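Given the sequences, and given the hints that come with them, work out the whole structure.
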Amino acid sequence: MTKFILRRLLLMLLTMFLVSVAVFAITSAAPGNVARNVLGIQITPEQEASFLAQNGLDKPMVERYISWLAGTDWRAAAKVGLGLKRIKTTDGFTEWWAVEEDGTMIRWVLEGEDLIARRQQADGSVVEQPDNGRWQIKDAKSEAARLQAYRAELQNDPQIAEADRQVILKPLDRILEILNSTDSQLSSPEALLSALAEPEGVLQALRDGEAAKQKQDLKNAGEEFAGKTALIQAIVVAQRLSDPAANELKQSDLQFMASQLSRASAKIKPVDPGLADQLQQAYESLKAGDAQAAKARMVEATPALIALTGNLGALADGLQNGDYLLAATVLRDLSDPAKMPFDEAQMAVLPEILGAAGKALQATQADLGDALLQAVENLQAGQTDEARKAFLQAADQLAAKGLVIARTDAAGKALVGRTFWGIDTQNHAVRWETGSGKEVWVFIQGTGWKAYSGGPAEYIPLQKGLVRGDPGVSLRTGRPVADLLYIRLRNSLILAGIAFVIVMPLALVLGVIAGLKEGKSSDRILSIGGMMFSVTPEFATGIFLIIIFSFWLKLVPGATVFGEKAPWSRPDMLVLPVLTLALIELGYVMRITRASMVDVMKAPYIRTAFLKGLPYRRVVMKHGIRNALMAPITVIMLHVNWLLGGIVVVEVIFGYPGLGSYLLDSALFKDFNAIEAGAMILVLVAVITQLLADITYTFINPRIRYS
Amino acid sequence: MAESEQSNPVSTHPSRWKRIGSRFSILFASKTAMIGLFIVLFWVLAAIFAPLLTPYSPTEQDYKARNSPPSAAHILGTDDLGRDLWARLIYGARVVLVMLPINDHLWLPIGTAIWGVLLGLIVGATLGLMSGYMRGWKDEVVMRGLDAMMAFPVILLYMIIIAAVGSSATNVVLAIAIVGVPGIARLVRSLALDIRTRDYIRAAELRGENPWYIMFVEILPNARGPIIIDAMLRVGYAIFAMGTLGFLGLGLPPPSADWGSMVAVGRRFILAGSPWAAIWPSLAIASLVVGLNLLADGLREETMRYQ
Chain L
1 MTKFILRRLL LMLLTMFLVS VAVFAITSAA PGNVARNVLG IQITPEQEAS
51 FLAQNGLDKP MVERYISWLA GTDWRAAAKV GLGLKRIKTT DGFTEWWAVE
101 EDGTMIRWVL EGEDLIARRQ QADGSVVEQP DNGRWQIKDA KSEAARLQAY
151 RAELQNDPQI AEADRQVILK PLDRILEILN STDSQLSSPE ALLSALAEPE
201 GVLQALRDGE AAKQKQDLKN AGEEFAGKTA LIQAIVVAQR LSDPAANELK
251 QSDLQFMASQ LSRASAKIKP VDPGLADQLQ QAYESLKAGD AQAAKARMVE
301 ATPALIALTG NLGALADGLQ NGDYLLAATV LRDLSDPAKM PFDEAQMAVL
351 PEILGAAGKA LQATQADLGD ALLQAVENLQ AGQTDEARKA FLQAADQLAA
401 KGLVIARTDA AGKALVGRTF WGIDTQNHAV RWETGSGKEV WVFIQGTGWK
451 AYSGGPAEYI PLQKGLVRGD PGVSLRTGRP VADLLYIRLR NSLILAGIAF
501 VIVMPLALVL GVIAGLKEGK SSDRILSIGG MMFSVTPEFA TGIFLIIIFS
551 FWLKLVPGAT VFGEKAPWSR PDMLVLPVLT LALIELGYVM RITRASMVDV
601 MKAPYIRTAF LKGLPYRRVV MKHGIRNALM APITVIMLHV NWLLGGIVVV
651 EVIFGYPGLG SYLLDSALFK DFNAIEAGAM ILVLVAVITQ LLADITYTFI
701 NPRIRYS
Chain S
1 MAESEQSNPV STHPSRWKRI GSRFSILFAS KTAMIGLFIV LFWVLAAIFA
51 PLLTPYSPTE QDYKARNSPP SAAHILGTDD LGRDLWARLI YGARVVLVML
101 PINDHLWLPI GTAIWGVLLG LIVGATLGLM SGYMRGWKDE VVMRGLDAMM
151 AFPVILLYMI IIAAVGSSAT NVVLAIAIVG VPGIARLVRS LALDIRTRDY
201 IRAAELRGEN PWYIMFVEIL PNARGPIIID AMLRVGYAIF AMGTLGFLGL
251 GLPPPSADWG SMVAVGRRFI LAGSPWAAIW PSLAIASLVV GLNLLADGLR
301 EETMRYQ
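As given, the protein sequences belong to chains L and S, one line each in that order.
The first sequence begins at 1 in this note's numbering and counts up one residue at a time.
The second sequence begins at 1 in this note's numbering and counts up one residue at a time.
Calculated directly from the structure, the hints in this document are not laboratory data.
Keep in mind the model is a prediction, meaning the values are calculated, not measured.
Ideal Cβ positions, reconstructed from N, Cα and C, are used throughout, including at glycine.
Don't take each hint at face value.
[What the hints assert, rightly or not] Straight-line distance between alpha carbons at most 25 Å, and here's what the computed BS3-like set of lysine-lysine pairs gives:
| id | chain 1 | residue 1 | chain 2 | residue 2 |
| --- | --- | --- | --- | --- |
| 1 | L | 520 | S | 138 |
| 2 | L | 622 | L | 612 |
| 3 | L | 138 | L | 170 |
| 4 | S | 138 | L | 517 |
| 5 | L | 565 | L | 88 |
| 6 | L | 219 | L | 413 |
[Unchecked claim] Chain S stretches covered by chain L per the calculated footprint, using a threshold of three residues with CB under 8 Å from any CB of chain L:
| id | segment |
| --- | --- |
| 7 | 91-103 |
| 8 | 147-161 |
| 9 | 273-279 |
| 10 | 284-293 |
[Said to hold, decoys possible] Pulled a few chain L residues facing chain S out of the computed Cβ check, cut under 8 Å:
| id | residue |
| --- | --- |
| 11 | 23 |
| 12 | 551 |
| 13 | 648 |
| 14 | 668 |
| 15 | 683 |
| 16 | 686 |
Have a look at this one:
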């Protein structure tokens, strides 16, 4: 007996293992789709790659399977070098923190090149402190090679002032010397760090704390300015069409570009009808999907467009790409009467464009923006000379800013790259890197996409793993799957339990009656009726019941709305779901009982009992039923799989907040953590009932018990 | 079939006719089987001759008559987009019973449900024969794998497969086949375990036949009776599954006339006062599945009686 149960338990474990592999393999079949499903189809390939990396979906299948099953925190803890702890916030989200030796919880964020530690205090508040001491030097050899290459680049970088270049080159050469030295005293990381401290200190002093933010602000302003100005968009369209990649543009892109050209054309029409006409033709070609014809038109139109806009497209480009020399040159050209006559056509469009540029800049760069807006006012008042002065002033300011930003950038790049494994604020273990210059897209729930440069290089999403009770975080809600899963499972078990309690006695009694009257009309009606109910799909039965009881008779509600409340708070809403489930089960169990009863009643010992002269009642009750019920009881348990299937559909029909509808919603959303966890729970329920069925059967059936 | 009969010598005619006649007499003898056959034939014929039975196309929309009850113009009424329900019903039967749409231009004869069962039969029978006839570690591996598959609630297996590969008629066929394999393989295995002890198998082995020959030429044909009846029930399950998948939004993509998705859309308008779009497809799928079960039950009862 014990041996039998042990064997069954082992088999169950094996089955669960195979099932977990299957569930995992099937749901992870198409990870690319997950990103598109969650973030929408318009995400760029870089954003998709970032999303996959942050969710650990770019790792090999086996590694992901182990992480899913056994968690990642132990692996991450080894990399970080501190213990990790999972806490739950008051609003139901999980947070992972590293725990320092003294028990304080700590996480890190990267701001520019600076590592900031966020320590949680006893009162729950979080204190931020620079924590650059944790950086470790990346591989010295590869860093030496990178810096050597960067030195050559620095020599030819036109953005940097000559004086700055010389100041940076000196410590850079020193650093290279240290990295390349074969001195064995420098082989330990500590010695290397202390040797680097001096030249790196010089470089750090050259860096301006505001520069990174200013660079981002200028970039945003450039984007905003370009995006809001129809004529500049037309120039951008021309550039995109001339790009070799233009052949791969999708129909929707072409339509979008067409609409931009149409706007630009309308803007120019009063000023330059000929140019407007060219744009209009390009617009029509694009509309018809002919990118080649549109390109030819736009190549013709571009010089005129650039002249008309005073080359302000280049200003936008320069701001976006960090080419402040170019941007400043554009502004300087505006102040030069030889290059910019401010004729009638230009006067018709330029103030508006410059106004847009000024407004975009004003938000963050008040001095620049004000200068431009002042120039616009002057232009409109006819004071061209005043305007030219303002342009010159703006150009100088921009150039000065550009120099500071370029110096900061260059000094940053000349530093030796550092790396650090830590915990970020989005529940990943992250390997941060400096000096790589890579741009990383981070998706923050509720905020959207943000680009960070020189930041995270590798992610380990933190979770405890399925076997430790943490199947991860739902992609739909951002909350842990396990919490909701528990409530949903409870609701489903209530529904199934009520149906089970109602069905079983009824089905067994009806089945016995049908079996006793085999072949008679009451048997026929019961069997065919039972068969019809059991083979009709649940959704059809459910629809019939809704139409009859809630549409025609208006007796009970046709849907379940519980909100946060427990299902038992509204028993009237449970009537139809339970009835639907019961009808389907009823037919099945009844058929089994009937067949079993028919078999038993034909057995020799029943005939003997009759021949002994026992009354019919006694034969049936004492000899018939006891033996006849053995088969149905095990079959019922084995039938739990089917019942669970019915529950999914019934929950969807009536909007019942159970495990089944949760699974379906998750499957449609490709919320893989939720599907996998839900599926495993459902399978576990099924497997355990089957095990119970086997064990019960051996207890009920003496023939097996004593063999 | 008719040709081969004509080419046969005249003397075999009576016995052949008698054999076919006796086959059908089983059918005619059972009232339940007759009723089932009648229902199934009704849907098969309606599906084949769908274009002749309605002037509407299943996707033609009539914005003036939305959610209308049965009338002379639309005998079963219309759905929320004003599409004729009778037309959608019989074109929906086509997808289930007589054609499998692969893409916009290509379709295969024989319905989606039946293809699913056929594919499942091929894979399941092969696995079942292998483990039943060859035994040993192959048997053990196959049976453990199948046990794991059987542990899945069927609907869950459908859900995660379709969620992973996307919904289309071809994928529905695949899902039906995958879900059907374990049951078929177990049945075939148990039959093969019985048949492999027979003398004619021993004889074939002594002749030195290839094991695959023995499995597919000696064992499989002799196990066909129970397999055919099981397959018939499985077509019922497959139709059931197609309906359920459609209802859950995992079936054929719209605007295909899919019974399950018709119910899923139609049920939203029940409490608004127009239950027709939900009633008819529910009735259709219920009647077809009940018909198939009556047919299979009747056949099984009759064949058992003379055994």
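To see whether the hints hold, each was checked on the structure:
1. Between residue 520 of chain L and residue 138 of chain S the alpha-carbon distance is near 48 Å, which puts this suggested pair outside the 25 Å criterion.
2. A threshold of 25 Å between alpha carbons decides the hint, and for residue 622 of chain L with residue 612 of chain L the separation of about 14 Å falls inside it, so the pair holds.
3. A hinted pair counts as satisfied when its Cα atoms are at most 25 Å apart, and residue 138 of chain L with residue 170 of chain L qualifies at roughly 22 Å.
4. A distance of roughly 46 Å separates the Cα atoms of residue 138 of chain S and residue 517 of chain L; the hinted pair therefore is violated under the 25 Å criterion.
5. Straight-line distance between C-alpha atoms of residue 565 of chain L and residue 88 of chain L comes to about 22 Å, which keeps the hinted pair within the 25 Å bound.
6. Proximity of residue 219 of chain L to residue 413 of chain L is assessed by CA-CA distance (about 20 Å); at most 25 Å being required, the pair is judged to hold.
7. Under the rule that three or more residues need a Cβ within less than 8 Å of chain L, the assignment of the segment 91-103 of chain S is violated, with 0 such residues.
8. Three residues within the 8 Å Cβ limit are the bar, and the segment 147-161 of chain S against chain L gives 13, so the coverage statement holds.
9. Here the segment 273-279 of chain S counts 3 residues with a CB under 8 Å from a CB of chain L, which clears the bar of 3, and the coverage holds.
10. By the rule of at least three residues with a Cβ nearer than 8 Å to a Cβ of chain L, the coverage given for the segment 284-293 of chain S holds, with 5 such residues.
11. With its C-beta approaching chain S no nearer than about 7 Å, residue 23 of chain L sits inside the 8 Å limit, and its interface hint holds.
12. Taking 8 Å as the C-beta contact cut-off toward chain S, the hint placing residue 551 of chain L at the interface holds, the least distance being around 6 Å.
13. Of the supplied interface hints, the one on residue 648 of chain L holds, with its beta-carbon coming within about 5 Å of a beta-carbon of chain S, less than 8 Å.
14. Nearest Cβ of chain S to the Cβ of residue 668 of chain L: about 6 Å, under the 8 Å cut. The hint holds.
15. Checking residue 683 of chain L against chain S: minimum C-beta separation of about 5 Å stays under 8 Å; hint holds.
16. Given the 8 Å rule on beta carbons, the hint for residue 686 of chain L holds: about 6 Å separates it from the nearest Cβ of chain S.
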